[in-house]
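So the sequence lines, in the order shown, correspond to chains A and B. Quick note on my numbering: the first sequence kicks off at 1 and runs consecutively. Quick note on my numbering: the second sequence kicks off at 1001 and runs consecutively.
Be careful, since some hints might not be right.
Said to hold, decoys possible - Okay, the calculated bits of chain B under chain A, using three or more residues with CB under 8 Å as the criterion:
1) 1046-1059
2) 1220-1226
3) 1245-1251
4) 1257-1271
5) 1289-1295
These are computed hints drawn from the structure, not numbers from a lab. Here the structure is a predicted model, which means the values were calculated and not measured. Where is the CB? At the ideal position from N, CA and C, for every residue including glycine.
Number of protein chains: 2
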Amino acid sequence: MADPLYRKIAEDLQRKIESGELEPGQRLPNEEDFRNEYAAARNTVREAIRWLTQRGLVETRPGQGTFVIRRLEPIITTLSADPETGMAGGEGQAAFTEIRRQRERKRELREKARQEREASGEKPSEAETLEIPEGEPRAMPPTVELSFAPGYVAERLRINEGDDVVSRHQQFYIGKTPWSLQTTWYPLALADGGATALTRPRDIEEGAVEYLRKTIGLTQCGYRVRILVRPPNKTEADFFKLPDDGRVQVLSLIRTGYTSTPEFTRGENSPYPFRVTFTVLPADRNQFVFNSGDYPEEIAAPARDSEIASGQQA
Amino acid sequence: MADPLYRKIAEDLQRKIESGELEPGQRLPNEEDFRNEYAAARNTVREAIRWLTQRGLVETRPGQGTFVIRRLEPIITTLSADPETGMAGGEGQAAFTEIRRQRERKRELREKARQEREASGEKPSEAETLEIPEGEPRAMPPTVELSFAPGYVAERLRINEGDDVVSRHQQFYIGKTPWSLQTTWYPLALADGGATALTRPRDIEEGAVEYLRKTIGLTQCGYRVRILVRPPNKTEADFFKLPDDGRVQVLSLIRTGYTSTPEFTRGENSPYPFRVTFTVLPADRNQFVFNSGDYPEEIAAPARDSEIASGQQA
DNA sequence: GCAAATTTGTTCGTATGTATT
DNA sequence: CAATACATACGAACAAATTTG
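Make a model of the complete structure from these sequences and hints.
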């Protein structure tokens, strides 16, 4: 036990949290109580709480106290294209339908788990303590901006930095909970060439890909998605109401759409990019799925981190 | 300016880091220097440094000092199946070939950027400061364990908790840098049915999927991948040498393989799961890509977080 | 290889500020 | 407005890790 005092305190509390002795949402004793319980200075107690905060086990609220984190039920987005619509998850209204179905199913599972548990007299399972956000998924109206392509957009659209582009930005919510931020960039030439709805701040009901096919005959021949994790910027931290301590990162999706329609490949070899979408979601409550070949409809229950973790040993 | 003092200090340093005034790898003044520079107590300076640490901008090393973080060149794993081999990224030796190619290309790009920069006399670009780990990708020999299915495995293999399973665990490195941990679980029945290599602690050269097809006629009809982000457990933090402050999370991949070969669907409707793989990688140096349809061979340069971030505004 | 110097890490005590009930 | 609880800030001392001489 060469562990410093604050770590001993933290690990003691961690044990209590993970064993369920302290339940999600429950208030911990205040700093003065801990000072007595562990015979430590207040600063040392605060170090311990900070260590737990950093690992996402507790959160502190000024004037209220320290609380065991209530984890959020993850929202699962399917990234592979739906064979029927050709639309991938996160695109258009299809995503909303999927989320509604997920939430309904999870509420059922949770209720079932609760009943079984009460019958057997055990303590609540983890699945039961996950918080399901209230409300329906919805999209704010898009905002549209005509501007010049920044480097990271130009590179992906294979145009020159500073070329005319149109960007469509949209915010998504689940009830009152912010869910995702999304910005899609198109060369302005597409709008000039007849796809004028790209520059209107209104939803494109049939989806932009279908709209481009219909109006200017541009068909998407494929797409590529890049997935990465990074710290949120200030805009994102504000929008998602992420804690100030930088503990929650964001998942960033970069989706590039390609076409092989000759008019849009600039004489180069196709496939050529015609749009790029940046989507950002908080990493603590979103998961992705993608499928290949034949697979069952049903998706397994939410991955339980702690258990998987323990199976990770050599 | 209602900002507390430690935040003012932190934001001042953040500005210096992001402007390039303080370069990656550079040592910052020590705490005593900052104490004088900002007329603050040592603890207040330490709060500022802690704030920067949490956001991944600096790291502290006892006895040495505080340093601007050198970010790692991300390793990109393609998750969609290779149309030729049917193997998806992270599976078998194919992943290594891809990584070698990536690294070669990035070294070239970096060298090119450096020459252009020196010609123009500007300051180093971000791409140039990213650290490329030394050495070749390699796999440690697998370890094999015969055990009973834990709940989270049983659920995904649609067997009963406690049923006999074989788990194959493997560690991957790039040079001396730990890259990923992976555990794959199969029902032991597959090995009993003739696929005996599953229980041997040796690489299956042709890949397990091909091996199962060859030996017992089990074909994979599809698969599903789940992607999530979570804090590392102790095993993972040790293996990846992640900082003790919990700042770096891990990407967790859960890949379930399905078969429709009648002997292996237990009389139920196919597709039926026959294996599940858990892969864990540090989230600060790994990215995923997947493709659909026709897409260009070439992958765009690594996503530059900070720039994308600024494009995220409404 | 060891001792000294340097630098961050841990712990204590105390006072005051700010958010919430 | 008062009470409660966490947040910020100061000062001080000793411990542990690392580098330097």
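Hint by hint, here is what the structure shows:
1. Figure legend: the region 1046-1059 of chain B, annotated as covered by chain A; annotation consistent (4 residues with Cβ-Cβ distances under 8 Å, at least 3 required).
2. For a cut-off of 8 Å, the count of residues in the region 1220-1226 of chain B with a CB near a CB of chain A stands at 7, and the three-residue condition holds.
3. For the region 1245-1251 of chain B, the proposed coverage by chain A is satisfied: 5 residues have a C-beta within less than 8 Å of a C-beta in that chain, meeting the threshold of three.
4. With a threshold of 8 Å between beta carbons, the proposed coverage of the region 1257-1271 of chain B by chain A holds, since 4 of its residues qualify and at least three are required.
5. Remark: the region 1289-1295 of chain B is confirmed as covered by chain A, as 7 of its residues place a Cβ nearer than 8 Å to a Cβ of that chain, reaching the required three.
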